[in-house]
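Top line first, the protein sequences correspond to chains A and B. The first sequence maps to residues 1 to 518 in this note's numbering. The second sequence maps to residues 1 to 247 in this note's numbering.
Hints may contain errors.
Said to hold, decoys possible - Using C-beta positions, here's what the derived DEER-type ranges look like: (1) A:THR375 <-> B:ASP70: 47 to 55 Å; (2) A:LEU497 <-> B:PRO74: 38 to 46 Å; (3) B:ASP70 <-> A:ILE226: 47 to 55 Å.
By construction, these hints were calculated from the structure, which means they are not laboratory data. For glycine and all other residues, C-beta sits at the position ideal for the given N, C-alpha and C.
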Amino acid sequence: MKRKRYKSWTIFLAAFTFFLIIVFPPVIVVIIELLKLKASSILSIGLVEPYKNSLIIASTSSLFSLMISLPLGLIFGSRSFRHPYLFIVILLIPLIVPPYLTAKSWIDLFVKTPIGGPLFCGVILSLCYFPIPLYLIVSGLRRIDSELEESALLILNRWQILTKITIPLIYPYIATGLILIFLFSITNYSVPSILGIKCLITKLYSDFSIFHNLSKSIWIAIPMIIICLFLSYLLGILIMEREFISFDISPSKGIMVSIFENHKKVVYGIVIIFLIILFPLISLFKEITSLKILAITFKDSLRSFFHTIVLSTSGSLFLSIISICCGYMFQRKKFWKNRLLNAIILFPFSLPSVLLAICITHIWNRAIFSILYDTPLILIILWGSKYLPLTIRIISDHVSQIPVEFEEAGLLSHLTQFKVFRHIVCPLLGSGFLLIFWLIYILTISEVGGTLLVIPPGIETLSIRIFNLLHYGDLKVVASTSIMLILSLLIPISFLLILKTIQTLKGKDSGSIFRKDK
Amino acid sequence: MDLYLEKINKRYGKTPVLNDINLSLKDGELLTILGPSGSGKTTLLRIIAGLERPNKGKIVISGQIANNPDILIPPQRRDIGMIFQNLALWPHMTVYENISLGLRNRKKKINNNDINKIVFQVVERFGIKRYLDRYPTTLSMGERQRVALARALVLDPGLLLLDEPFSHLDWNLKDEFLDLIKSLNTTIIYVTHQVFDILRLNSKVALLIDGKLEAIGKPEELINTTSSKAKDFLRCLSLYKDRNFNS
Chain A
1 MKRKRYKSWT IFLAAFTFFL IIVFPPVIVV IIELLKLKAS SILSIGLVEP YKNSLIIAST
61 SSLFSLMISL PLGLIFGSRS FRHPYLFIVI LLIPLIVPPY LTAKSWIDLF VKTPIGGPLF
121 CGVILSLCYF PIPLYLIVSG LRRIDSELEE SALLILNRWQ ILTKITIPLI YPYIATGLIL
181 IFLFSITNYS VPSILGIKCL ITKLYSDFSI FHNLSKSIWI AIPMIIICLF LSYLLGILIM
241 EREFISFDIS PSKGIMVSIF ENHKKVVYGI VIIFLIILFP LISLFKEITS LKILAITFKD
301 SLRSFFHTIV LSTSGSLFLS IISICCGYMF QRKKFWKNRL LNAIILFPFS LPSVLLAICI
361 THIWNRAIFS ILYDTPLILI ILWGSKYLPL TIRIISDHVS QIPVEFEEAG LLSHLTQFKV
421 FRHIVCPLLG SGFLLIFWLI YILTISEVGG TLLVIPPGIE TLSIRIFNLL HYGDLKVVAS
481 TSIMLILSLL IPISFLLILK TIQTLKGKDS GSIFRKDK
Chain B
1 MDLYLEKINK RYGKTPVLND INLSLKDGEL LTILGPSGSG KTTLLRIIAG LERPNKGKIV
61 ISGQIANNPD ILIPPQRRDI GMIFQNLALW PHMTVYENIS LGLRNRKKKI NNNDINKIVF
121 QVVERFGIKR YLDRYPTTLS MGERQRVALA RALVLDPGLL LLDEPFSHLD WNLKDEFLDL
181 IKSLNTTIIY VTHQVFDILR LNSKVALLID GKLEAIGKPE ELINTTSSKA KDFLRCLSLY
241 KDRNFNS
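If we strip away everything but chain B, and leave its shape as in the complex, we get (with noise of 0.2 Å):
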């Protein structure tokens, strides 16, 4: 799926969130939006969720314009899927009924013997076949990424939205889960706060600071940029960076 995003603004109140964010993502390509707390990735993803309404500006996916100032498609007729940072599990569903609800509910009807198989083949894929009858809360926060990233691609979206859903994992759970990311054969917006992870995906990045564009293409090309802000915080980074190896 294509995504393009055209000046896109986006305000609280007075506080301006997004500025004129110009966005362009190809068919199966992996993109790391990368930025300090509180710069805007969260709403941005959100906006091209359909969750949030910009302002201004335009979003097209797959060529079909999805946001205009006359033009809203919810949701549910997106064909995206998302991982929230809380991964939002529903907590009185079993692990099975939370990844089969979206399979359950399209437009186009499917019957319960494909439903099953669809289920199995994502459930088996991701390991957590034998959690199926529990409940989200009885289980690890590894095994609850897992069930979060299968209730979304059990839907085969176009577009698969990751707002720092491995922020509070371990070093190896988190490189097994990128490793995962980046094996998926879908457009992918991934979006973090830590260095180590653009450097795991080694992907496109985009550099969001104060809810601008800073700087966008591969990392070691970041380093070439002539804005100041994102030079401030690169700079951050590598410190970061320094001593995450070190340790």
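This is chain A alone, in the form it adopts within the complex (with noise of 0.2 Å):
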């Protein structure tokens, strides 16, 4: 009985042993090299400029993102807010468009030249991140049973709840965010980099391309692993068991207090949309003159077009599976519920992706791993390291959401462990497959700066063309490519809407567990 057992789990630990060997080398690379340190080498390089640039990179983003998303949270998350679907999905465009793209726009707009100190940098961070603490701002705010504000309503005015009520109890949400944004913009190498700011990524990324010596590369990045360390372990507890990200949108729940009225809504939200994330790219896409330019620049990208959608797609759908799979293991066999394993997992997530890089190109740059190393399947194995710890963590969350008797029911009806996985949990997974495979496939899309370190030869995505074009071309060929590369994003996203809205519309995805009907 015990070898049938273990048997129905196969699936499940071949799953956990590719995330193991995806997630774990780079961590333990790192931990090796820094029982190697000698305390001399770290003050011998003289980090306290860059040091200091990224802290105020990652503080003015995530303060600024804070001020951006938390009244407009208030707004999509109130009750009396009926149809926020279309700002949501508005909002979507920061995260899509490529951190670079964005600050492109700005410099273009404003500075012309581009230059600009940390701050700006931190700003420009913000506009393209605050969709992410916005959405688990109005996650949480759906998930507050709005009994609690109206039993408020009578001893306290709209304000009181609002500071006294409603944002204690979204805390928890709005310091995710926080955290993920300092995370993001800490780790972020393709702005500082335009801007041409010596922060700590930018300095990581040039030594190592010139020297190529992992063990400094670890002693320039130790305090930034120190923070991540501690920030992962925070974030391991701010979302243990709780349900963090959510395209649940419905506008039945919902909080009942809000400060802004009706028309001011509408009015702050179009502002903003307008102001922030329209404004700069149509800046920028003025710049297509002739419909001329779109074609050549279309012509020269194709081959780059491709190799985006192919890489992206698979190594989104390669990780999306392992995650559907491990991200069920974790949540049933407890693994959220320990604080230092909370930590540990997430903590590659918390690593940049330049340093990541590095570590990759450190252990799989041998003649034996050439298969891998020396073809697309290296990116794979970077973005997994990266991204794989947050997709697990979110799919742990959905799985949370599925009662466990749906699948003890599946048990008693003569079905194996795998065929409950299979017929009960996977359909009711759903939205949550579909959320993060879009997630993986435009943070793939975006991705950089360890992008720019291990792809190898004869290979370039659009997001590289785009930020090599940057650096020395013209800025009409740049917004061209830029056009193709928001297609590729939104190729698969609308496919993804598609799928959802019949989903929703057939009442099959997993929010209709809660569903009161009748």
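Each of the two chains sits in its own frame; use the hints to bring them together as a complex.
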């Protein structure tokens, strides 16, 4: 009997093995190099300025994005805002457009020269990442029982309810958003590079590109590794037992009290969307003065377009499947209950992709691994090492919403563990699968720093092409290629949205588990 | 199907949930397990179903050991049907798919025509034929209960476990379901905390309090119990009984 039970978990163990092989070797390299460390070596590198700049960038980005996302979240999360769908879809644009394109748009709009301090860089990054805390805040608000506010209405005014009841209830979501923004900003390579800011990531990248010295790279990154470890531990505590990312934007739930009147909400929403998202992009795309330029650029970039679509789609699909299997196993085996395990699993996600790429080069750049290192598979390993911990966590949250009795009823209906997973769990995880597929897809398409370090010769993604063009290319060509990039991002998203709509219409998505229809 | 439980013990961490439970049930017998909330009723059912493993003890189903320190027969091989408190109907499948999934995945393969025949027989019996293409979330509570019963019975289980499935039904509907349960020709364990159910079923009753089986017998025999806990509990129940019948 024991053998059969083991057999039914084979697929999960295989996925777990992939997870271990992809995610943890870079972390082990970091730990080994840390053990060899000499204190004098760190002091001699002179890292005060890069660190100061990195911290300014990450802090500015976190605070500024909170300033944008909190009021917007309170608007979209309130019950009186009936149809937030359009706004929510439009607010996906900053996440979809790669940060370096947003940076370029803003530079061309105001500065016209590729210079700007760390504060400017932080603001640009906040404009790219603010939808993350926004969705978290909306997600948190939609889970608040409106009776909590209704009971407070008897003794408090609207502002007091907001500050004393609503915001304290969603603080874990706000804090999670801030930590994620901090991590994304401190590890972002493309924007500081375009703005010419000497920060930790750019130093890490340039030092490794010149010297190929692993130990020195790890030394440079030590304080950042400590920050990342601390933040991943904090993140683990905050999101423990919490559904933290959700597509649940049904208008029936959500907070009741809002300090904004209805018309003010719409005006505020439109102003923010126009100023932050559409205006800079329109200014970039107005550079395309003729269709001929567009046609020529499309023809030149077709190969990159093809590489981008194939690599990101196959990578996302593979990593999503591993995420589904591992996320299910981690949730059902109660991995997330342990704070330390939480932090260990999330730690690789908090590390900069440039550092991961450096470690991956050290591990896989050997003759026996040439089948991996000299092919695009190395990109999937890099993306997996960075994003698998996050997507597994997201899937685990979706699994936690499926009552365990559904699976037990399956077992009692003569289904094996694998068939329960296939017939009951997987269909109910449909929306989670779409979410992580889409997330990995856009993150891999936009990723530049780590990809530049490990991409095999002869392969060029659109991101890399645009990133190179930004440094020495014509703005018209950059704008035209950017359209291709946005197209490549929109194709699968449109497909997924159609699928999601069909699922919702059929009432088949996992959200329907909790729907009270009758 | 005969069922025999010997010295079943279960603890969660350091908290004991079940203490030395001994129980035997003959083929076709109906047993009602009565007890206050948190007394271990659901845990006992889950252990019998194989969804949880006891820390100690032995379970014998139809003469075959299903559970002891060395052996664990998984739930799908125990020939047991169970109706959960929340019914656990799969929301992404239609009523037909919910009922037929178990038949389709049986070790002994059945062809589609036979599956349809069996499903139609069951749904006709429970009056849910017109809901076959509907999703469970679009049905009323009573209709969902019928679907859950049909799903459990379509596999013709030797033992049916019912974990307070009718607790949120109104009296009329509950009455109807209890009649249905009585008419089933299979071994049944029915868990409840309501005295109305035991009076209506008039079956053998096991009194489970704080993880211990305090008394077992016909409702009228329970009055003679010597356990003080059982006496206290029955006193509470008679109060409920009076209230229910007065109103």
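Now the hints, each set against the structure:
no., hint, result
1, A:THR375 <-> B:ASP70: 47 to 55 Å, "49 Å, holds"
2, A:LEU497 <-> B:PRO74: 38 to 46 Å, "40 Å, holds"
3, B:ASP70 <-> A:ILE226: 47 to 55 Å, "49 Å, holds"
In summary, this structure violates none of the numbered hints.
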